[in-house]
Amino acid sequence: MSNKIAVQIDDLTVAYNYKPVLWDIDLEIPEGVLMAIVGPNGAGKSTLIKSILGILKPIAGSVRIYGKPYKKQQALVAYVPQKGSVDWDFPTTALDVVMMGTYGSLGWIKRPGQKEKKAALEALEKVGMLPFKNRQISQLSGGQQQRIFLARALVQNASIYFMDEPFQGVDATTEIAIINILKELRKAGKTVIVVHHDLQTVPEYFDWVTFLNVKKIATGPVKDIFNDDNLTKTYGINYKVSIQE
Amino acid sequence: MDVSEYIKLVFTDYTLRTITLGTAILGAVTGMLGSFAVLRKQSLLGDAISHAALPGIALAFLLTGTKDSHVLLLGALISGLIGTFWIRSIIKKTHLKSDTALGLILSLFFGFGMLLLTFIQKQPNANQAGLDKYLFGQAATLVESDVWMMAIVTGICLFVLLLFWKEFKILLFDADYTKTLGFNTKFIDVLITSFIVLAIVLGLQTVGVVLMSAMLLAPAAAARQWTNSLGIMIVLSATFGAFSGVFGTAISASQNNLSTGPVIVIIAGVFVLFSFIFSPSRGLLFKQIRFIKNRRDLQQHKTLAFMFRIAETHDNISHPHAIKILNNFQGFTKSTLQQLVRKNYVKIDGNMWHLTEEGFKTATNLYNQQEKTND
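In order, the protein sequence lines correspond to chains A and B. If you read the first sequence in my numbering, its first letter stands for residue 1, the second for the next number, and so on. If you read the second sequence in my numbering, its first letter stands for residue 1, the second for the next number, and so on.
Here chain A stands alone, though its shape is the one from the complex:
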């Protein structure tokens, strides 16, 4: 972890219709952390990520990636959406989906070539999906689909990775495979931000955590702030987690 700030959020407020989903969020994410965003359903976790990535338009506030607006820095950022956000019956193959990760660097009109294909195959290899490269995506299991999404982000070779519940509905093997890849990314100096639901695994998987419930409750190193006090503030009921030393 360095002293650089990878993502800087100031006064971010987002509302659907009239209801605020995120309220006045100030958040600094240091470079090189593996950070979990935790909070109850409807806390605005996905919304926070989508606002950072410019998918949603905030009604106030600013987001900076390494000091500049997202639009100028999108080459540095990769996104893994929720698995359920797309139609997996779409007529395409696993390799084809992973290739989409190269589209951003290709820009308009230019088609992917051998170089892009090679990068996509390497990413498939990394997530253990190479044998399934020509599989129609509807014939993949939930865990395999998640791995494909991860591979698509890996192809982007970004500095900052945003992942929306990558562990949702995957089996233990896939979960371990994914977290190992995330830890590898951190080791390579990348910043990884994950919307996460399983509080039990936070201390084991992550080194940084942000508690969110419409407002930002707390953010910082897991060992300092992942405690009953913040959990209670975030989830509204008395929480007891035992943190293994």
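Just so you know, these hints were derived from the structure itself, not from any lab. Glycine included, each C-beta is placed from N, C-alpha and C at the ideal position. Fair warning: there could be bad hints in the mix.
Mimicking EDC-like on lysine to aspartate or glutamate, the simulated pairs with C-alpha atoms at most 20 angstroms apart in a straight line are [to be verified]:
#: 1; chain 1: A; residue 1: LYS72; chain 2: A; residue 2: GLU31
#: 2; chain 1: B; residue 1: LYS166; chain 2: A; residue 2: ASP87
#: 3; chain 1: A; residue 1: LYS215; chain 2: A; residue 2: ASP87
#: 4; chain 1: A; residue 1: LYS133; chain 2: A; residue 2: ASP89
#: 5; chain 1: B; residue 1: LYS41; chain 2: A; residue 2: GLU122
#: 6; chain 1: B; residue 1: LYS287; chain 2: A; residue 2: ASP89
#: 7; chain 1: B; residue 1: LYS179; chain 2: A; residue 2: ASP87
#: 8; chain 1: A; residue 1: LYS57; chain 2: B; residue 2: ASP176
#: 9; chain 1: A; residue 1: LYS83; chain 2: B; residue 2: ASP99
#: 10; chain 1: A; residue 1: LYS71; chain 2: A; residue 2: ASP87
#: 11; chain 1: B; residue 1: LYS93; chain 2: B; residue 2: GLU5
Chain A regions said to be covered by chain B (calculated; three or more residues, Cβ under 8 angstroms) [claimed, not checked]:
#: 12; segment: 69-77
#: 13; segment: 85-94
With chain A's structure known, arrange chain B on it following the hints.
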């Protein structure tokens, strides 16, 4: 008229050739663009657009007084685009869901269009007749310049499709992700939608407001059954659309008084029906066959496994047992037993059965396999 005579006529008769070409091109371009509508789950958009085009036709006539199809279709295009634009802004700016917005625009525009049509029909001048052909289409009114226009639009459409192939594909699959990569998704979206509107407007003269959406959806729905590749799906869809046009025209030309538009739509429907039933991977027929086969295999395996467990307890596997004990412990059917005999897994001698060497081996393998998957 037999088939060869008809084919000869297609090449020699000016009117028939024009109509056949026109409907074929129309089918191809709507099939092509329809794939996008279907994959974006905007199937009903086509229906709304075609209905929204009707007031444009009527207004164009009222303003200009001509019945020139190009002028009327320009009116249709404008009003279709306005309808589409309104649908988009209703979805974006209100709490209403897209089906509500589509239904609302469809019926409001169509109602307004019908109102204008009846108003026009009450007018005293003699020029007004024939506008109602845009309701159900009248392919016989196609002239060479119409076909040229269709061909040019199809050409442009194909060019744009190939140029932005990558962008179209990724937007269809994952719009949010496309945005994060820095693509202007609104531009791609407007491009696709504009071409859909254009294709629909081109078809109004031939197929009509009411049936136009079928031209968009049916070939695409049929094509989806046969392939898991977007490119092949679009080519197939265009082919199905073109053949619907050609066959539809042929049937309506050889049978008197059958209007072309509805026949084309019905042919497209036949393609859909055929695809739903006979597609190897998604079709109902093969699904049912696979289901029956699996069930039969499972039944055989069950019986075989049960016999194996009995035979296992004896040193000699060909030790005969009564058929009755199968009955007592486990339901089995005569046909299952007969199938096992036919496969030479089991031998039956009167009321007794015993496993063959081969049957025993197969059953052992079944067990091993099961244990492996349980691990």
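Status of the hints after comparison with the structure:
1. For the hint pairing LYS72(A) with GLU31(A), the CA-to-CA distance comes to about 18 angstroms; that is within 20 angstroms, so the pair holds.
2. For the suggested pair LYS166(B) and ASP87(A), the alpha carbons sit about 18 angstroms apart, so the restraint of at most 20 angstroms is met.
3. Our distance criterion of 20 angstroms between C-alpha atoms is broken by LYS215(A) and ASP87(A), whose separation comes to about 32 angstroms.
4. Between LYS133(A) and ASP89(A), the direct Cα distance comes to roughly 16 angstroms. Compliance with the 20 angstroms bound is thereby established for this hinted pair.
5. Under the criterion of a C-alpha separation no larger than 20 angstroms, the hint pairing LYS41(B) with GLU122(A) is inconsistent with the structure, at around 33 angstroms.
6. Taking the CA atoms of LYS287(B) and ASP89(A), the gap is about 17 angstroms. The hint holds against a cut of 20 angstroms.
7. Our distance criterion of 20 angstroms between C-alpha atoms is met by LYS179(B) and ASP87(A), whose separation comes to about 17 angstroms.
8. Simply put, LYS57(A) and ASP176(B) have alpha-carbon atoms about 13 angstroms apart, close enough for the 20 angstroms limit, and the pair holds.
9. Between LYS83(A) and ASP99(B) the alpha-carbon distance is near 25 angstroms, which puts this suggested pair outside the 20 angstroms criterion.
10. Under the criterion of a C-alpha separation no larger than 20 angstroms, the hint pairing LYS71(A) with ASP87(A) is inconsistent with the structure, at around 27 angstroms.
11. A threshold of 20 angstroms between alpha carbons decides the hint, and for LYS93(B) with GLU5(B) the separation of about 58 angstroms lies outside it, so the pair is violated.
12. Interface restraint, the segment 69-77 of chain A with chain B: holds (4 residues with C-beta to C-beta distance below 8 angstroms; minimum three).
13. Note: the segment 85-94 of chain A has 7 residues with beta-carbon separation from chain B under 8 angstroms; the three-residue rule is met and the coverage holds.
Hints 3, 5, 9, 10 and 11 from the list above are not met by this structure, while the remaining hints are.
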